[in-house]
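Can you make the complete structure from the sequences, with help from the hints?
Residue numbers (numbering that gives the first Met the number 0), protein chains in the order written: chain E, 0 to 98; chain Z, 0 to 169.
No lab work stands behind these hints, which were simulated from the structure alone.
Note that the Cβ used here is the ideal one computed from N, Cα and C, for glycine as well.
Any given hint might turn out to be false.
Unchecked claim - Just the calculated beta-carbon pair ranges, DEER-fashion:
1. Y85(E) <-> R24(Z): 20 to 26 Å
2. S63(E) <-> T110(Z): 33 to 39 Å
3. A84(E) <-> P114(Z): 33 to 39 Å
4. D53(E) <-> H28(Z): 34 to 40 Å
Now for the letters of each chain:
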Amino acid sequence: MTLGLCLILSAALFCIGLYGLLTHRNAIGLLLSLELMANATNINLIAFSRFRGDHIGQVFALFSIALTVAEVVVGLAIVILLHRAYRDARVGRASEFKN
Amino acid sequence: MIEQVGFGLVAGCIVLAALLVARARSAIHGVLWLGVVLAATAVLYVMLQAPFMAGIQLLLYVGGVMTLMILGVMLTRHHQQEDALERKRPWLAGVLSLSLLGMLITAIQKTPEIPASETTPATIKDLSRSLLSEHALSFEVLSLLLLATMIGAIVLLHRDRPSRLTEESP
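Below, the structure is given as structure tokens:
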């Protein structure tokens, strides 16, 4: 296991997340793809922390995980709000989101 | 040798499950495959000598985020038609993300490899000392952010029916 392999794995995960982000129309699908991309960045941080022999990467990954969890909470609140307003979780419907 | 095989298995698991998340037919399947990705990532963290991060990953992501996501899917689901994750322009998105992947891989292969460091892996003691001394300010700001998130979620979801809050209070 080398650093290059870890970085390629993380790049692949990030690109799959990007593909999901571009193709999904459902808000839950968008959140899932965002999770994939956040996970890819965390893998990068941990891999650099391991190969540089420095624990600062792990501290950064801890912050990043906490931020992602906060993002999911607000994202799901918005999804539920959208669903209440339109009975539909497709983001295209939200273009006329009022009040 | 065993390390290589293990890494190959975990990486294959992660990429396959991530592809299934991106192509999932229904939201609940996507959430469950995301759970596989996150659990396999925790295994990868153990292989990268970060067992504490693996524990956090399992607790927060597989335990917390997955439960929240399943709850969200169940709360927003009405009938089968709406549950389907529809797609738009899959070819354009595929070309775009594949070209980004190609660029990233060429860039990664051009940079010189760092050999694995021989220092002892960081313990929880190191991590917590670093978190609460050098990064104490960021830590406090983060706790403020989590509080703001909680309040924000409650305000967002209770805005259109405030009567329930006042009715139930004595």
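Quiz item: Which of the numbered hints above does this structure break?
Solution: 2 and 3
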